[in-house]
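Residue numbers (this note's numbering), protein chains in the order written: chain A, 1 to 307; chain B, 1 to 368.
Hints listed in this document are in silico derivations from the structure and should not be mistaken for laboratory results.
All values reported here derive from a predicted model rather than from experimental measurement.
Careful: at least some of the hints might be erroneous.
Said to hold, decoys possible - Pairwise CB distance ranges, derived in the manner of DEER restraints:
#1 A:R183 <-> B:D265: 26 to 34 Å
#2 A:Y132 <-> B:P173: 31 to 39 Å
#3 A:R111 <-> B:R280: 51 to 59 Å
#4 A:E57 <-> B:D265: 29 to 37 Å
#5 B:T48 <-> A:T127: 31 to 39 Å
#6 A:D54 <-> B:L228: 49 to 57 Å
#7 A:D167 <-> B:W284: 41 to 49 Å
#8 A:D54 <-> B:A197: 34 to 42 Å
As the list claims (entries may be wrong) - Residues from chain A shown here face chain B by an in silico Cβ test under 10 Å; the list is partial:
#9 L73
#10 R75
#11 T84
#12 L86
#13 L103
#14 R148
#15 A149
Glycine is no exception: its CB is placed at the ideal position from the N, C-alpha and C atoms.
Each chain is listed here by its residues.
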Amino acid sequence: MIEIEHVAKVYQGRRVVDDLSLTIPDGALCVLLGPSGCGKSTTLRMINRLIPFDAGEIRVGGEDIRRVPPEELRRRIGYAIQSTGLFPHWRVEDNIATVPRLLGWSQQRMRDRVTELLELFRLDPETYRHKYPHQLSGGEQQRVGVARALAADPAVLLMDEPFAAVDPIVRDALQGEIARIHRATGKTIVFVTHDIDEALRLATVIAIMERGRLAQSGVPLEIVENPASEFVREFVGREAAGLKSLALRKVSERLQPGDGAAGEPIEAAASLRDALAAMTARRTDRLPVVDAAGNPAGVITLADLVR
Amino acid sequence: MIGCGFVTLAPNRLVSGRPVTLWEAGGAALVVAIAALAALLLISVFVTAQRLVNWAAALIAAALLLTTLAAAGSAAAQLAAGTPALARVSLGAGFWVLFAVSALALIDAMQRVEIGGPAKLAVVAALAAACVGMAEAGAFDALSLALEYRNRRAEFAAALGRHALLVAAAIGPALLVGFPLGVAALRRPGLQSPVFAVLNLLQTIPSIALFGLLLAPLAALAAAAPLLAAFGIGGIGPAPAIIALITYALLPVVRSTVAAFGSVDAAVIDAGRGMGMTPRQLFWQAELPLAAPVLLAGLRIITVQAIGLAVVAALIGAGGLGTFVFQGLGQYAGDLILLGALPTIALALAADFLLQMLAATTSRRTRP
Numbered sequence: 001m002i003e004i005e006h007v008a009k010v011y012q013g014r015r016v017v018d019d020l021s022l023t024i025p026d027g028a029l030c031v032l033l034g035p036s037g038c039g040k041s042t043t044l045r046m047i048n049r050l051i052p053f054d055a056g057e058i059r060v061g062g063e064d065i066r067r068v069p070p071e072e073l074r075r076r077i078g079y080a081i082q083s084t085g086l087f088p089h090w091r092v093e094d095n096i097a098t099v100p101r102l103l104g105w106s107q108q109r110m111r112d113r114v115t116e117l118l119e120l121f122r123l124d125p126e127t128y129r130h131k132y133p134h135q136l137s138g139g140e141q142q143r144v145g146v147a148r149a150l151a152a153d154p155a156v157l158l159m160d161e162p163f164a165a166v167d168p169i170v171r172d173a174l175q176g177e178i179a180r181i182h183r184a185t186g187k188t189i190v191f192v193t194h195d196i197d198e199a200l201r202l203a204t205v206i207a208i209m210e211r212g213r214l215a216q217s218g219v220p221l222e223i224v225e226n227p228a229s230e231f232v233r234e235f236v237g238r239e240a241a242g243l244k245s246l247a248l249r250k251v252s253e254r255l256q257p258g259d260g261a262a263g264e265p266i267e268a269a270a271s272l273r274d275a276l277a278a279m280t281a282r283r284t285d286r287l288p289v290v291d292a293a294g295n296p297a298g299v300i301t302l303a304d305l306v307r
Numbered sequence: 001m002i003g004c005g006f007v008t009l010a011p012n013r014l015v016s017g018r019p020v021t022l023w024e025a026g027g028a029a030l031v032v033a034i035a036a037l038a039a040l041l042l043i044s045v046f047v048t049a050q051r052l053v054n055w056a057a058a059l060i061a062a063a064l065l066l067t068t069l070a071a072a073g074s075a076a077a078q079l080a081a082g083t084p085a086l087a088r089v090s091l092g093a094g095f096w097v098l099f100a101v102s103a104l105a106l107i108d109a110m111q112r113v114e115i116g117g118p119a120k121l122a123v124v125a126a127l128a129a130a131c132v133g134m135a136e137a138g139a140f141d142a143l144s145l146a147l148e149y150r151n152r153r154a155e156f157a158a159a160l161g162r163h164a165l166l167v168a169a170a171i172g173p174a175l176l177v178g179f180p181l182g183v184a185a186l187r188r189p190g191l192q193s194p195v196f197a198v199l200n201l202l203q204t205i206p207s208i209a210l211f212g213l214l215l216a217p218l219a220a221l222a223a224a225a226p227l228l229a230a231f232g233i234g235g236i237g238p239a240p241a242i243i244a245l246i247t248y249a250l251l252p253v254v255r256s257t258v259a260a261f262g263s264v265d266a267a268v269i270d271a272g273r274g275m276g277m278t279p280r281q282l283f284w285q286a287e288l289p290l291a292a293p294v295l296l297a298g299l300r301i302i303t304v305q306a307i308g309l310a311v312v313a314a315l316i317g318a319g320g321l322g323t324f325v326f327q328g329l330g331q332y333a334g335d336l337i338l339l340g341a342l343p344t345i346a347l348a349l350a351a352d353f354l355l356q357m358l359a360a361t362t363s364r365r366t367r368p
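Make the full structure from the sequences, and use the hints.
Spelled out as structure tokens, the structure:
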């Protein structure tokens, strides 16, 4: 659990973070979202003491972070950044083992951990272990960067716009991997982005920031359907918010009993947005719905989507 | 090339000589050999560049270089045989042109064969060994340059050693002062412009003027502190020379330190800190190895610069190879000037070559 209480940071007379309070439960993937300059990266970097704060308190796992020596704290918290910051003069395996080496792990244990992480990111260990960062594609570098952040198995992982510099196709794949790894490891992840779609896709909790203050925090659906202020409404995208909320809701929430719909059925676990896309593509206003096992579960109509 | 003098013949060491062609001095066989090698080299330029052709070109260029040297020695020996004892045979324009052309061809061919550092070192060492071997065998004994050397053999060794010592004594302190100064300028950007302003100003002072400026204070210091004078500190001699060399080396040291550490990716530093590396670990494991190639390039510059500048130090009695240069200038004896100048050039080239090799090995990837 990460508890941020009344934290403030003044930089050159400007309050870049202003009385910010936020609690991130264990196992959450909390996205700090906002326009550039809203203080989201500063907030992230205060959690591992890369930036000192002027007021308030931050606790990680119940412990006041100012009571822990900064280097010791940082070795317990994973850190991945946009430009990866991989050491260009070290091989992939040495890069990944950076924190384990600082912690004094044995060679064998480091080797095994590197293998395990490369497999987790679907990079063949024997092919990639000995490569240098410049021999990797942008997406592979980013995977190694995140693998390095996870190397010493930290309970908390901080990610600062990790996918902002890669192309949309690679970004989509990396987002899928982070979602998968989050589910598989149950880490508490704090993820900074300015991309609302990335936030909606990954987050279990979203905290939207506006000029150093917390504008709203909550689960994605709540942010999209009940924006707390004009700023949040604007950021979520007004009209486009309707589509975003369809993407967050499942067919099972709106389906009706009965049959009478023809064609390829859609799964109850699919999103309403997928249902809309299928209707549009097939020029129909109703789809049959099946459950996970493939048994008929009902019907969904165009009218149900806008209900 | 054939028309102008390959060597010159003078009645004694102080007057200018008359040009003598290789044909006249060395005979037809040498001319034919050199012409054949030069023709082969010319042909190699027009053949499609392949690895084998490049190797052949390198070999021919090396052979041409050594043949040119041998021809100079042999021409001198034949000319000297029929002249009075005081007559001198010096290297002429034809020799220098041929020497320069074959050296350039060799360098060019070596670059195109793309051999590794150790192999390059071996080739250079082999060439140097061949030259030394020819000298030991007496191939150059009749040349005026060799006569000048024989007359000053003991002095020469001392001057060479003194020259190297002057350079080393300047570079050590320049690094000890300049490196921390550069690091400080990086940590505090406000410090950069005053530091560079002062160093730039020092750099613009001509070396002779700097010696003049140092003369009075150092003489006064030596007079006030006899202990310092006992260590050789004085208005003239090595002390002002070393101080001047340090002064000139400071700007390049500070500049390359700032450039080297400034070129390290900020994201690498951020990631290193964020993962819990201490400033010391970050410096030794990331910043220094990543900055090393630029730092070594800077070291190359100051070493070559100091070797050249140290020649001037002879003016104020600091010794070194410059002694011969200035003696030669005073006596109007060209070969004596060469006796100081050629080893200086060789020293600078050798230092440049070795540091380049060192830079190449450090820029290879390292492991933590």
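Of the hints given before, which are not true for this structure?
3, 7
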